[in-house]
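J.: Starting from the known structure of chain A, arrange chain B on it as the hints suggest.
In order, the protein sequence lines correspond to chains A and B. Numbering-wise, the first sequence is residues 1 to 750 according to the UniProt record's numbering. Numbering-wise, the second sequence is residues 1 to 114 according to the UniProt record's numbering.
Please note that the accuracy of each hint is not assured.
Derived DEER-like restraints, expressed as beta-carbon distance ranges [claimed, not checked]:
| no. | chain 1 | residue 1 | chain 2 | residue 2 | range |
| --- | --- | --- | --- | --- | --- |
| 1 | A | T304 | B | F79 | 53 to 63 Å |
| 2 | A | P58 | B | D86 | 38 to 48 Å |
| 3 | B | E108 | A | G183 | 50 to 60 Å |
| 4 | B | E100 | A | E545 | 45 to 55 Å |
| 5 | B | T85 | A | A691 | 38 to 48 Å |
Examples of chain B residues toward chain A, derived with CB under 8 Å [to be verified]:
| no. | residue |
| --- | --- |
| 6 | N4 |
| 7 | H41 |
| 8 | W45 |
| 9 | V76 |
If you're looking for bench data, these hints aren't it; they were derived computationally from the structure. Being a predicted model, the structure only gives us computed values, none of them experimental. Glycine included, each C-beta is placed from N, C-alpha and C at the ideal position.
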Amino acid sequence: MTDTTAVLGYAWPLVVSPGEEVAFHLSSATLEEAEATLLRVRCADPDPDGPGLRLTAPGTPLDGLVALRHQPLHPGSCAIIPDAPALRRPGPLSVGCFLWPTAPLAGRQTILSRWRGDQGEGWRLGIDAEGCLEFEVGAHGQCWRVTAPQPLLEREWVFVGGVLDDAAGEIRVVQQSLDPQAGRDRSADAAAPGPRGVTWPEATALVIAAEAREGGETPLTEAHYDGKIDRPRLHATALDAAALRALCESLTPPPGDPNLIAAWDFARDIPTAHVRDLSANRLDGTLRHLPMRGMTGANWDGSTVQWTEAPHLYGAIHFHSDDMHDAGWSPDLRFTIPADWRSGFYALRLRARQGSDDPVESFVAFFVRAPLGQPRSKLALVASTATFLAYANSALRLDQVHAEAMLEGLLTLSRDDVYLQEHRELGLSTYDTHSDGSGWSYSTAKRPILNMRPRGATFNYGNDTHIIDWLEQIGQDYDIITDDDIHRHGAQLLAGYRCVITGSHPEYFSRAMLDAFDSYQRGGGRHIYLGGNGFYWRIGWHPTEPHSMEIRRGMNGLRTWEGEAGENALSFTGEPSGLWRSNGRPPQRLVGVGFDAQVFTRSYPYRWREEARDPRIRWMVEGIDLEKPLGDAGLRGGGAAGLEVDRVDATLGSPPHLLWLATADQLDYGGVPTLEELRTLHRGAMGDQNARVRADVAFFPTARGGAVFSTGSIAWACALSCDNYDNGVSRLTGNVLRRFLDPRPFEGFD
Amino acid sequence: MLVNDPEAAHWPVDPARLDLVEEFRRRPRGPHSDALQKLLHRMRWSGVGQRHVLIVLEPNRRWMLGRLPGRRGAPVETFPNRVFTDLAAAEWAVFVLRWEALTGQKLEDGSSAA
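Pulled out of the complex, with its shape left as it was, chain A reads as follows (with noise of 0.2 Å):
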């Protein structure tokens, strides 16, 4: 059994070109060196019924020992404000905000502090082991602590407080539900005695969502909370109930007030991570790991589901204990991309104890890019990374309810998936829920990604290489280019090429990406889709983070969490999120198919339709007999059409001109619809009885000479290398590939 966890890394930047550098960052808990060799990858799935591995080494100076040390993960999203002389204002003190905690029984959690955990110095507002609201504060030794009488209700909007009264020696706690009704109040105040006069630590961070285990402008945090924060306010006086209420109900509480120490308005700049203070005193600070943004507060009342409609209802953030979206790692080894390198998917391979029962054998993955203007080919392979992005450390067999029913049978674990199922702190993907049932929405590129590599699970990334091993073995010269370029230089990277293929499952596209596809097409340009599921979900990538996605999945979809309601814009640019289809740009706009069904059961041949025989297309079927099913056999599920599969619907967009050319469409019980294809409730809706549960093959031409070729099935890419690379699949793709290549435009469809 290989060990492919003992060493973990990332590359950055994940995307590189020819003659820049990039950089290794590498972890070990146990292994004090490893043997580095840097790889091209033209196969990254070990299945030995398939090509198998198959990397070849270019030879560079990097490879050799490197040496390993242990690079920890600290997990959890907070909000940073470095210290400030008005944060160490001494005498009273009064902190507030509204609250939605979503794990209050999770354990210990801080909601606002200035506090110092190595000394047990300063104040913080928390929660305590039972659920309970806190009010705690360290001086000189002593601590003074208020515990709220009940505790706080999961997933309900609260107004906490805590106050200092020093003259009085008193501290307060202050706890009033929004809906207290029907048994959903747990309004409550208490109060006990405190410290007179208290001097506060020096060189302390204020810390939102957690507290800082020690001084220092960047401490390490701990303590970190689940759930919702609104409008935090710091004030210099002992507030009573009402007025503390009153500061933090309003939106924009004065900045004159000389007592008015802090008052944040997560509102400000939504897709940074950047927090805003309205005060005097400009105590702006930074967001670690990514909490959710763009997060209804208490005000929301759904007149808005956008937040940029109204982002004064938007002024919560929804923080997570287990958020992770910067490792911190300090970088190992560097390497420079020679200049004549060839694009492609690369990796680092980290080895050691070879020879032994429990050999390792680790990847590192990144990609070298075709520059935008510098084709060296014609035809152009996209890496999905945005979808290996949203499946970056999936834990959905883990964790899911609905995964073995889904899959239709035993769960198989890959050693990745039993380290990942102990080790939470590498972040996990946006099909999984955070430790308190939300959705993670983000994913970036700044930790190690398990399934983005070779031996990984094959899902995406390994089956997408069974397309490159397909193109080598064909002789076939092509450039690799990413979803992150295509996002971020639009329809002219495509236009370099006279034919782009998108992969075995392109399924999240930014609209600059899908409009740069229909730019492309409309221009002439061909377009090969060997995959299924595509062009589903609208997500944005980060402003100015490279390598950083974001996707709100909603009410509807296939989707593995529910977004809250007004929570389904997205933070990185305002823009809606949710599928594409329900964003007027169904898939069968853009491709001629869109995502229709499910089947995990097996995986089907096609069979051939009248269409297939239109003189216009003979180029396409040269040497394929028409009378025989197509793609019989296949890696997965021993068919082409299986897995996740798409149709072609004219009311849903595919074209008139449109050659619906082979369809698997008896699927069985197997073939289990997407919930957007179904509008009423009633039985027969699987694939057995339901003939729009199925996966077709298309052709059309677009303007100027361009087209569009789609297979609309995910198990398409592994069935190419099936009996030698001789099987109608592959003679198919072939023969659609070479003619795509020749720039004579498509006759007779005018």
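T.: Then chain B, alone, in the frame of chain A:
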């Protein structure tokens, strides 16, 4: 927040339906009759008796029985003595465990509980 309820699958299992056991034993990967589909859904939805899984020892060749701990961060339980070289045999072995958990009845040709 809509969540999947592990207790939602409630098709009543009839311990007398040994015909379903036999159907599964003969063809663990399907296709299955309507009643067997319902039995398997009942078993798979909740992962009856704490979810058994397979751990890949060699890709697509060798698997070891394991069990999910039901709690994030806890290790996967492994059964090094229960190694399979055939997915159908693994499916059958777990079916036997789940049948006993659901009906209280051991299957005659079932191997001992892991």
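J.: Against each hint, give a clear statement of whether it holds in the structure.
T.: Here is how each hint holds up against the structure:
1. One distance hint, 53 to 63 Å for the beta-carbon pair T304/A and F79/B, holds here, with the actual separation near 54 Å.
2. Separation of P58/A from D86/B is about 40 Å and conforms to the stated range, judged on CB atoms against 38 to 48 Å.
3. Roughly 52 Å separates the CB atoms of E108/B and G183/A, a value that falls within the hinted 50 to 60 Å.
4. The hint said 45 to 55 Å for the Cβ distance between E100/B and E545/A, and at roughly 52 Å that hint holds.
5. The supplied range of 38 to 48 Å is met by T85/B and A691/A, whose beta-carbon atoms lie about 39 Å from each other.
6. About 4 Å separates the beta-carbon of N4/B from the nearest beta-carbon of chain A, less than 8 Å, and the hint is met.
7. The interface hint given for H41/B is met, as the beta carbon of that residue sits about 6 Å from the closest beta carbon of chain A, less than 8 Å.
8. The restraint placing W45/B at the interface with chain A holds, with a minimum CB-CB distance near 5 Å, inside the 8 Å limit.
9. Interface restraint check: V76/B against chain A, minimum CB-CB distance 5 Å, threshold 8 Å, status holds.
Checked against the numbered hints given earlier, this structure breaks none of them.
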